[in-house]
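Position chain B against the provided structure of chain A, taking the given hints into account.
Chains as they are written, first to last, in the numbering used here: chain A, 1 to 377; chain B, 378 to 700.
The hints are simulated quantities; they were obtained by calculation from the structure and are not laboratory data.
All of these numbers come straight from a predicted model, not from anything done at the bench.
C-beta: ideal position from N, C-alpha, C; glycine also.
Don't take each hint at face value.
[As the list claims (entries may be wrong)] The calculated lysine-lysine pairs, modelled on DSS-like cross-linking and capped at a C-alpha distance of 27 Å, are:
1. B:Lys628 with B:Lys690
2. B:Lys690 with A:Lys140
3. B:Lys698 with A:Lys7
4. A:Lys140 with B:Lys628
[Stated by the list, open to error] Now the stretches of chain B that chain A is said to cover, found in silico as 3 or more residues with beta-carbon under 8 Å:
5. 471-478
6. 483-489
7. 618-630
8. 666-677
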Amino acid sequence: MSTPYAKLPGWVDYGLIPLINLLVAFLVAGLVVLLVGENPLNAAYYMVTGAFGRGEYLGFTLYYATTFIFTGLSVAVAFHAGLFNIGSEGQAYIGGIGVALACLWLDRILPWYFVLPIAALGAAFFGALWAFLPGWLQAKRGSHIVITTIMFNFIAASLMVYLLTKVLKPMGSMSPQTRTFEAGGRLPKLDWLMSLFGLNIGNAPFNISFLLALLAAFACWVLIWRTRFGFEMRTMGHSPSAARYAGISETRITIVVMMISGALAGLMALNPIMGEQARMQLDFVQGAGFVGIAVALMGRSHPAGIIPAAILFGMLYQGGAEIAFEMPAISRDMIVIIQGLVILFAGALENMFRPAIGRLFAGLASRAPAASQAKGA
Amino acid sequence: MDFYVSLIAILESTIRLSVPLLFAALAGLFTERAGVFDIGLEGKMLGSAFAAGAVAAVTGSVWLGLVAGILVSVALSLVHGYASITQRGSQIVSGVAINFVVAGATVILGEAWFRQGGRTPALSGGARFQTIDLPFVEALRDVPVIGPIYAQLLSGHFLLTYLAFAMVPLSWWVLYRTRFGLRLRAVGENPGAVDTAGISVVWMRYRAVICCGILTGFAGAYLSLAMTAGFVKGMTAGKGYIALAALIFAKWRPVNVMFACLLFGFLDALSIRLQGNPLPLIGQVPVQFMQALPYLLTVILLAGFIGKAIPPKAGGVPYVKER
Chain A
1 MSTPYAKLPG WVDYGLIPLI NLLVAFLVAG LVVLLVGENP LNAAYYMVTG AFGRGEYLGF
61 TLYYATTFIF TGLSVAVAFH AGLFNIGSEG QAYIGGIGVA LACLWLDRIL PWYFVLPIAA
121 LGAAFFGALW AFLPGWLQAK RGSHIVITTI MFNFIAASLM VYLLTKVLKP MGSMSPQTRT
181 FEAGGRLPKL DWLMSLFGLN IGNAPFNISF LLALLAAFAC WVLIWRTRFG FEMRTMGHSP
241 SAARYAGISE TRITIVVMMI SGALAGLMAL NPIMGEQARM QLDFVQGAGF VGIAVALMGR
301 SHPAGIIPAA ILFGMLYQGG AEIAFEMPAI SRDMIVIIQG LVILFAGALE NMFRPAIGRL
361 FAGLASRAPA ASQAKGA
Chain B
378 MDFYVSLIAI LESTIRLSVP LLFAALAGLF TERAGVFDIG LEGKMLGSAF AAGAVAAVTG
438 SVWLGLVAGI LVSVALSLVH GYASITQRGS QIVSGVAINF VVAGATVILG EAWFRQGGRT
498 PALSGGARFQ TIDLPFVEAL RDVPVIGPIY AQLLSGHFLL TYLAFAMVPL SWWVLYRTRF
558 GLRLRAVGEN PGAVDTAGIS VVWMRYRAVI CCGILTGFAG AYLSLAMTAG FVKGMTAGKG
618 YIALAALIFA KWRPVNVMFA CLLFGFLDAL SIRLQGNPLP LIGQVPVQFM QALPYLLTVI
678 LLAGFIGKAI PPKAGGVPYV KER
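Looking at chain A on its own, in the form it has when it is part of the complex (with noise of 0.2 Å):
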């Protein structure tokens, strides 16, 4: 396919070009914000403080970022293979299943230090099998990935209210969710690493799963850009039939970075089931899944720009609650809105602005080396 569109310097791809995409989408939002009769301004000042204002809060935000750490590496390793994976969501509440299964078989007999590997897995595995199967159609069966990963979403909300209503929820007990974990169950906080900086975490449930994330994030660097598998992906998500030509197996790649996408939005699920509640609550994803998909597309499917923008959208979220404690009329639904602007603007209208940029960029070029040509493009 030809690119209609000018090349640019790599800052204005990867850093202006976004950043405007994101301020537009904050702008619509204020918008909505003033439909509704509140100041966008304070809103926007509610929200900062809320986030970052305290140590709790920054902890809070973290512990969200944590999760959308995961989901969204989980969209963007898909997305380089040209995998639309709708599914994280699903895959994260599958994923579950392993942490809780690790956590009730374990908690009571071995230190969190143990139980940890064993559950990362377990949910690792989960998430993977729950990928395995659309993988597996598209590249076998030829079912398109995107529709079968929705369909999987809704199997794996109905096949979790059973398993939470029927099979997990310990005897006697009303409400659809597991026992709660012992010690072994519960992941430490990293309060240390917030008072290094003089912050104390409060209630805030900011765990060690973070520097999971942080470890699982430079692992996808790795296994994106330094790796032969990696290689052979990224020619197939560019050109599936440049990959064809140079032998490599579609069906081992689509299925291989599916199960690799599943498997990290399973281990999201080590941060809310055993960094938090510790215990598998009904729905306990609430969402997170398509939030990745905005973080994926705002980070450009780079660890390097899904880290900041995870802590964005962790700020949303705890923002967001300050919000709407403060405006009665801005309820947390208002991050829902900016998650579609987010993904409307960063994603699907990704090159709306790049033509204007390009002609701007272009008269600048014209006029920097001779100065009597000022008319420009």
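Below, chain B without anything else, positioned relative to chain A:
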């Protein structure tokens, strides 16, 4: 006889539940046959349901509500069209975005305007669609066998219900027997050829997207003006995705779409009916299984185990004119 009565009751609620699916799936049929994939059916339906409920509540007129629903839905369709046709962005990403924006905006605006926890005020009288009795209903009601079918199953539905089923042959006729339909399908299969014939691919696709907006507008208005009296937050509850599943299940053909929607509506009606009642031979079927069944069936179909579902060839690909 007891079985017969409950069968009629299930079929009656099948019709009631499949109408929004039918409108939405036919809406998807128009865009997808024109090569624009649309997973934003859910969002458009929700937006329309909210606008219809809100306007009908404020003005007291069901017709103004319907018009508002359609307008909002068409506007959202045009956003999708602008992103995916003009800007050549990813159609999937754009659809996802619309679903989120609408899911959030309906709650925020509903709460700000009506302060009823995301609902619009309950509608009554002229602000809501009333059911229509077909002629001779009273006379035929007591006739055995045929009576219940006519009086319960066929009569006593909303105007929009009859419209939905009338849309099936109409869509078929438009898509297969008019010049517009031929071009629309051609744009979805081989846009280059259509362009060579001097027809604007962009304008053709925009028209398909507008058709989609009108039909999802009906789907949403049915939810908030007919099926329930007013808008409730998140009231589409995944119906847009089920409609998408039905569209694929029907292999992108109008009459099949109707049967697929009726099948999924039937599963829905059955799962409500079976709650707590064990089936003979099989025993207790978990509700969750019934709820997941439409999705499971679609996955199995897509995998090519029940025939093969082949999407329009140019679907999902933005058209770039050669230069």
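Verification of the hints:
Note on B:Lys628 and B:Lys690: the hinted pairing holds, with a Cα-Cα distance of about 13 Å set against a maximum of 27 Å. Straight-line distance between C-alpha atoms of B:Lys690 and A:Lys140 comes to about 19 Å, which keeps the hinted pair within the 27 Å bound. The hinted pair formed by B:Lys698 and A:Lys7 meets the criterion: a straight-line CA distance of about 20 Å does not exceed 27 Å. Restraint check: the Cα-Cα separation between A:Lys140 and B:Lys628 comes to about 19 Å, which is no more than 27 Å; the hinted pair holds.
Residues of the stretch 471-478 of chain B with a Cβ under 8 Å from some Cβ of chain A number 7, which satisfies the need for three, so the listed coverage holds. For the stretch 483-489 of chain B, the stated coverage by chain A holds: 5 residues have a C-beta nearer than 8 Å to a C-beta of that chain, and at least 3 were required. Residues of the stretch 618-630 of chain B lying with their CB closer than 8 Å to a CB of chain A number 4, which satisfies the three-residue condition for coverage. Residues of the stretch 666-677 of chain B with a Cβ under 8 Å from some Cβ of chain A number 7, which satisfies the need for three, so the listed coverage holds.
Violation of the numbered hints given earlier is absent; every hint is satisfied by the structure.
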